[in-house]
Amino acid sequence: MARLLIDKDACTGCESCVPSCPFGALSMKEGIAVVDEKCTFCGACVDVCPVTAITLEKEEKAVTIDITAYKDVWIFIEHEFGKVGSVSFELLGEGRKLANAIGCKLCGMLFGDKEAVDKFAKEVIAYGAEKVYVMESPLLKEYRTDPYAKAAIDLIRKYKPEIVLFGATTQGRDFAGTVATTIEAGLTADCTGLDIDPETKYLKQTRPAFGGNIMATILDYPNYRPQMSTVRPKVFAMPSKDDTRKGEIIRETLQMTEDQIRTKVLEFIKGTETVNLADAEIIVSGGRGVGGPEGFKPVRELAEVLGAAVGSSRAAVDSGWIPYEHQVGQTGRTVRPKIYIACGISGSIQHQAGMKTSDIIVAINKDPEAPIFKIATYGIVGDLFTVVPLLAQEFKKRLGR
Amino acid sequence: MKIAVCIKQVPDTTDVKIDPKTNTLVREGVASITNPFDEYAVEEALLIREKYGGEVHVISMGPPQAIEVLKNALAVGSDKVYLVSDRAFAGADTLATAYALSKTLQTIGEVDLVICGKQAIDGDTAQVGPGIATRLGMPQLTYVSKIKEINLEKKKIVVERLLEYGREVVESSLPALLTVVKDINEPRLPSLLGIKKAAKAQIPTLTSKDIGADENKIGLKGSPTWVMRVFSPEARGGSGEVLKGELTEVIPLLVNKLMDTKFIK
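Note that the protein sequences, when read in sequence, are chains W and Y.
Just so we're on the same page, my numbering is the position in the first sequence counted from 1, plus 81.
Just so we're on the same page, my numbering is the position in the second sequence counted from 1, plus 4.
Next comes chain W alone, as it looks inside the complex (with noise of 0.2 Å):
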């Protein structure tokens, strides 16, 4: 067991320590501090006490595998209607870099049917792979959890790669999570940073927690291999694409069957949405400030002057006012546009989670003291059902439409 140490006579009782605490497992108690079972043993309180009272004893786990047996950096490539997942290009841009650091190659690994298969390998060797794991089957066509994770599965035990990367999408969440199980290996979720420490080449994976507030560099243990990460897309720029290119396709055979697999998909329906949030360059938003659905008319207008997806805060689609689909933030959409306009947001952290990595934000809203106006490359204070319909005025004017 980890446990978290603190020297009572050299505590001061500064209180320093508790509010850095971001499981609130620690108090005074009698003008020492304290720490409870929510300790996760994290170590943040260890760097702020002043006089190094809190030291955590950490279990030296004994490395049990032969970690210099696991090597490359490999990318799950996931596809969906005919084409692959930006995610997936994104992370080969990023993992080209990891790829660099460690001094190793970069893979990528694609499963699809025959004509998938085809069309997209080129593709992730366009994109930067060295290689692309390969498995073909019909079964593989759609992306369904008990062959995708068995073709994983078998793929990373018989190859060994160091890390694995997936897109944070419902697809990648879904299979990333059945697969480290599987395997038995760490995995980090929704990552928003990675990096290859230089003196042991570990991955340094980052992410945010507790709705954003807090960020978290998370490792794994050496003797857990591959690591494991899922990315939020937009994070990372799409790198560039070179058709000229060359790379190695390895082919494996799914050892499985139809009647194998437990689930089987009937029908797709596809979402109302003309422009896609996620790909969308310009953004127009509306938050509690529109105050009902009615209120995002304004906001769909100019939406539509702009050629711009509609986005939301979560408090207008807790409040009922427009889908999920739309919300950007912690735990919605995050999105990275030229354009991003906040209509009557307030911009909470979690909001922030979603957007702050938009180019340009401009923010309208009431309250001259909302947290987006910090944030916010250009603000006007003032009521959007003033503001927002001048701007769609003005900007048709000048597009001519």
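Hint data in this document are derived by calculation from the structure and do not stem from the laboratory.
Values in this document were obtained by computation on a predicted structure and should not be read as measured data.
Don't take each hint at face value.
The list that follows gives simulated cross-link-like pairs (lysine-lysine, DSS-like), each with its CA atoms no further than 30 Å apart [as the list claims (entries may be wrong)]:
#1 Y:Lys200 / W:Lys119
#2 Y:Lys55 / Y:Lys150
#3 W:Lys478 / Y:Lys55
Here are the simulated distance ranges between beta carbons [what the hints assert, rightly or not]:
#4 W:Lys322 / Y:Asp214: 53 to 59 Å
#5 Y:Phe235 / W:Ile113: 21 to 27 Å
#6 Y:Asp187 / W:Asp194: 29 to 35 Å
#7 W:Gly274 / Y:Leu193: 50 to 56 Å
#8 Y:Gly244 / W:Ala318: 21 to 27 Å
#9 Y:Gly216 / W:Arg84: 37 to 43 Å
#10 W:Glu138 / Y:Ala203: 37 to 43 Å
#11 W:Lys164 / Y:Leu193: 20 to 26 Å
#12 Y:Asp214 / W:Glu348: 42 to 48 Å
#13 Y:Glu238 / W:Gly388: 30 to 36 Å
Chain Y regions said to be covered by chain W (calculated; three or more residues, Cβ under 8 Å) [to be verified]:
#14 48-59
#15 92-106
#16 144-152
#17 171-185
#18 249-256
#19 261-268
The beta carbon of each residue, even a glycine, is placed where N, CA and C say it ideally should be.
Here the structure of chain W is known, so what remains is to put chain Y in place on it, guided by the hints.
Okay, now just chain Y, sitting in the frame of chain W:
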């Protein structure tokens, strides 16, 4: 039909604020609540029970105070609740947590359906549901927004899953594990009688021994990942230019600035 639901007590993260001076979390006054997605899970289990009969068993892993969320589950009408609590579980990541919960589910007997929320709002990982399903050898149906049909004779279930681009209708064999999204239902409020009953209820606590857990697979020992560092998110360096003046001037000014970016076509 026997339905098990896994729930978690979490701090209300929408309430958590950062102290701008010290850049640390202000936790005072932050309430502990049932993870909102788990409330949909409990409600869905109750709805299924109403339609098909059976029992709803709710489990929660956490410190002794997690008993509060189990009392809430009893108050809305769950049949049985269990707290899984042991110092040995401390420091568990998602792999170790899913293992302990799967062992608990095996301890409380065979079930036809396990329901979890799609993720917990404190960790936001969405990994524990698939982890439990894998450990139990059950098919998993994640992001479920609607149960269309349950056929107990044929041991089949048909659900709708809410995905990025629409809804997928999937059929699966039973037993199965579901994780549910917010769209699925509207959780009921507890009745006065329910609250009274729950207040008096003795809630059984299961330890790692009770669930027959392998000590190398629980807590910090069974966790492949560890938190190296915790820090406050970087503030975005917005230029924060608030355009002041009459709207007749400000609006064209903003439009000029945005048109200059060439992002608007």
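Checked hints:
no., hint, verdict
1, Y:Lys200 / W:Lys119, "29 Å, holds"
2, Y:Lys55 / Y:Lys150, "14 Å, holds"
3, W:Lys478 / Y:Lys55, "58 Å, violated"
4, W:Lys322 / Y:Asp214: 53 to 59 Å, "56 Å, holds"
5, Y:Phe235 / W:Ile113: 21 to 27 Å, "26 Å, holds"
6, Y:Asp187 / W:Asp194: 29 to 35 Å, "31 Å, holds"
7, W:Gly274 / Y:Leu193: 50 to 56 Å, "41 Å, violated"
8, Y:Gly244 / W:Ala318: 21 to 27 Å, "24 Å, holds"
9, Y:Gly216 / W:Arg84: 37 to 43 Å, "25 Å, violated"
10, W:Glu138 / Y:Ala203: 37 to 43 Å, "40 Å, holds"
11, W:Lys164 / Y:Leu193: 20 to 26 Å, "44 Å, violated"
12, Y:Asp214 / W:Glu348: 42 to 48 Å, "43 Å, holds"
13, Y:Glu238 / W:Gly388: 30 to 36 Å, "31 Å, holds"
14, 48-59, "violated (count 0)"
15, 92-106, "holds (count 7)"
16, 144-152, "holds (count 4)"
17, 171-185, "holds (count 9)"
18, 249-256, "holds (count 4)"
19, 261-268, "holds (count 6)"
Checked against the numbered hints listed earlier, the structure breaks hints 3, 7, 9, 11 and 14; every other hint is satisfied.
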